[in-house]
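S.K.: Sequence:
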Amino acid sequence: MLSKLNPSATDFPRLRRKRLQTLQVNLGYLCNQSCTHCHVNAGPNRTEVMTSDTVDAVIDFLDESQVKRLDLTGGAPELNPYFRRLVIAARALNVEVIDRCNLTVLLESGQEDLAEFLAGQEVEIVASLPCYSEENVNSQRGKGVFHDSIIALRQLNRLGYGEANSGLQLNLMYNPTGPFLPPSQRTLEVDYRQHLDDQYGIHFNQLFTLVNMPIQRFGSTLVSKGEFEDYMTLLRGSFSSENLSKVMCRELISVDWQGLVYDCDFNQMLGLPLLIDGNKRPHIRDVRPVNLEDQPIEVADHCYGCTAGSGSSCGGELTS
Numbered sequence: 219m220l221s222k223l224n225p226s227a228t229d230f231p232r233l234r235r236k237r238l239q240t241l242q243v244n245l246g247y248l249c250n251q252s253c254t255h256c257h258v259n260a261g262p263n264r265t266e267v268m269t270s271d272t273v274d275a276v277i278d279f280l281d282e283s284q285v286k287r288l289d290l291t292g293g294a295p296e297l298n299p300y301f302r303r304l305v306i307a308a309r310a311l312n313v314e315v316i317d318r319c320n321l322t323v324l325l326e327s328g329q330e331d332l333a334e335f336l337a338g339q340e341v342e343i344v345a346s347l348p349c350y351s352e353e354n355v356n357s358q359r360g361k362g363v364f365h366d367s368i369i370a371l372r373q374l375n376r377l378g379y380g381e382a383n384s385g386l387q388l389n390l391m392y393n394p395t396g397p398f399l400p401p402s403q404r405t406l407e408v409d410y411r412q413h414l415d416d417q418y419g420i421h422f423n424q425l426f427t428l429v430n431m432p433i434q435r436f437g438s439t440l441v442s443k444g445e446f447e448d449y450m451t452l453l454r455g456s457f458s459s460e461n462l463s464k465v466m467c468r469e470l471i472s473v474d475w476q477g478l479v480y481d482c483d484f485n486q487m488l489g490l491p492l493l494i495d496g497n498k499r500p501h502i503r504d505v506r507p508v509n510l511e512d513q514p515i516e517v518a519d520h521c522y523g524c525t526a527g528s529g530s531s532c533g534g535e536l537t538s
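Using my numbering, the first residue of the sequence shown is number 219, and each one after it goes up by one.
Each hint should be verified, as a subset may be incorrect.
[Said to hold, decoys possible] Below, computed lysine-lysine pairings styled on DSSO-like, alpha-carbon distance capped at 30 Å:
hint	residue 1	residue 2
1	498	286
2	286	464
3	498	464
4	236	498
5	286	236
6	464	236
7	443	361
It should be emphasised that the hints constitute simulated quantities derived from the structure, not laboratory data.
Using the sequences and the accompanying hints, generate a full structural model.
M.R.: So, in structure tokens, the structure goes:
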């Protein structure tokens with residue numbers, strides 16, 4: 219979708235970085251699911267996985283910097299063979315760790331103790347559950363995914379995740395099932411909480427809503443259905459300047475499975491690397507946080523997705 223989202227042709231407002239707070243690391247595109255909304259185009263047949271040497275470079279960056287939040291994503295980040303080593307190293311440095319978990323990975327062969335590991339390391343889980351309706355989840359993520367997600371959520375609840383005063387954060391992530399904006403995060407959270415508790419006895423801390431980005435698998439689906447331009451019109455028409463000060467790229471950098479650095483996960487998928495002093499393809503081993511502050515951020519039309527309506531980020535809405 220890069221040809222439709224050319225940064226040189228965009229009229230999206232220019233942005234500059236603030237102090238780095240979060241290091242987001244994509245550990246690879248290997249996943250046990252193939253979701254229709256996936257902006258990473260992840261799946262079981264992807265072979266791109268971060269190596270041990272690159273994981274070491276990430277650990278070195280954490281040790282040398284004052285970044286206090288490590289946000290792990292994929293694919294299914296837990297399928298990377300060095301996932302647990304990275305988590306342990308980060309926690310030993312007193313770095314907060316977020317695991318963006320698709321839930322069903324907890325039931326995969328060889329991952330039987332994964333939930334206990336995450337709890338033992340006090341890892342915050344952001345779990346993808348795009349709807350509380352079984353039919354909608356299965357249509358978006360695959361047959362049987364909702365059933366397995368409920369099993370995984372119950373397993374996490376038994377360990378204390380999502381329960382009051384446990385210190386174990388379990389947040390859910392909602393994605394729209396089509397080319398429209400998510401509803402009010404606060405209102406939807408009430409619906410999620412009531413339905414999941416009443417029907418399944420499941421508890422969680424917060425619900426995050428995320429706008430579907432018109433890139434990779436979701437973008438290709440829009441193009442094939444002739445809906446791409448209409449969706450971009452929706453995003454542009456819903457632009458709110460209030461969200462510009464809060465977009466996640468201003469305090470975050472994204473590292474791909476090779477160790478290359480980007481302004482955000484979406485730019486990573488579009489091949490739009492972060493620019494530092496003319497270096498267009500910096501590696502995490504060569505980046506220092508002090509050199510990032512006040513640097514320009516690469517923007518294109520997909521950035522309207524983060525600023526549409528109430529805004530969108532990996533932490534949910536930007537404005538209520």
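S.K.: Look at each hint and say if it fits the structure.
M.R.: Verification of the supplied hints:
Distance hint between residue 498 and residue 286 is fulfilled; the C-alpha atoms sit about 26 Å from each other, no more than 30 Å. Between residue 286 and residue 464 the CA atoms are separated by roughly 18 Å; this keeps the pair inside 30 Å, and the hint holds. At roughly 25 Å between alpha-carbon atoms, residue 498 and residue 464 fall within 30 Å of each other, so this suggested pair holds. Taken as a hint, the residue 236 and residue 498 pair is honoured in the structure, with Cα atoms around 19 Å apart against an allowance of 30 Å.
About 15 Å separates the Cα atoms of residue 286 and residue 236, which keeps this hinted pair within 30 Å; it holds. About 10 Å separates the Cα atoms of residue 464 and residue 236, which keeps this hinted pair within 30 Å; it holds. Between residue 443 and residue 361 the CA atoms are separated by roughly 23 Å; this keeps the pair inside 30 Å, and the hint holds.
Consistency note: the structure conflicts with none of the earlier hints.
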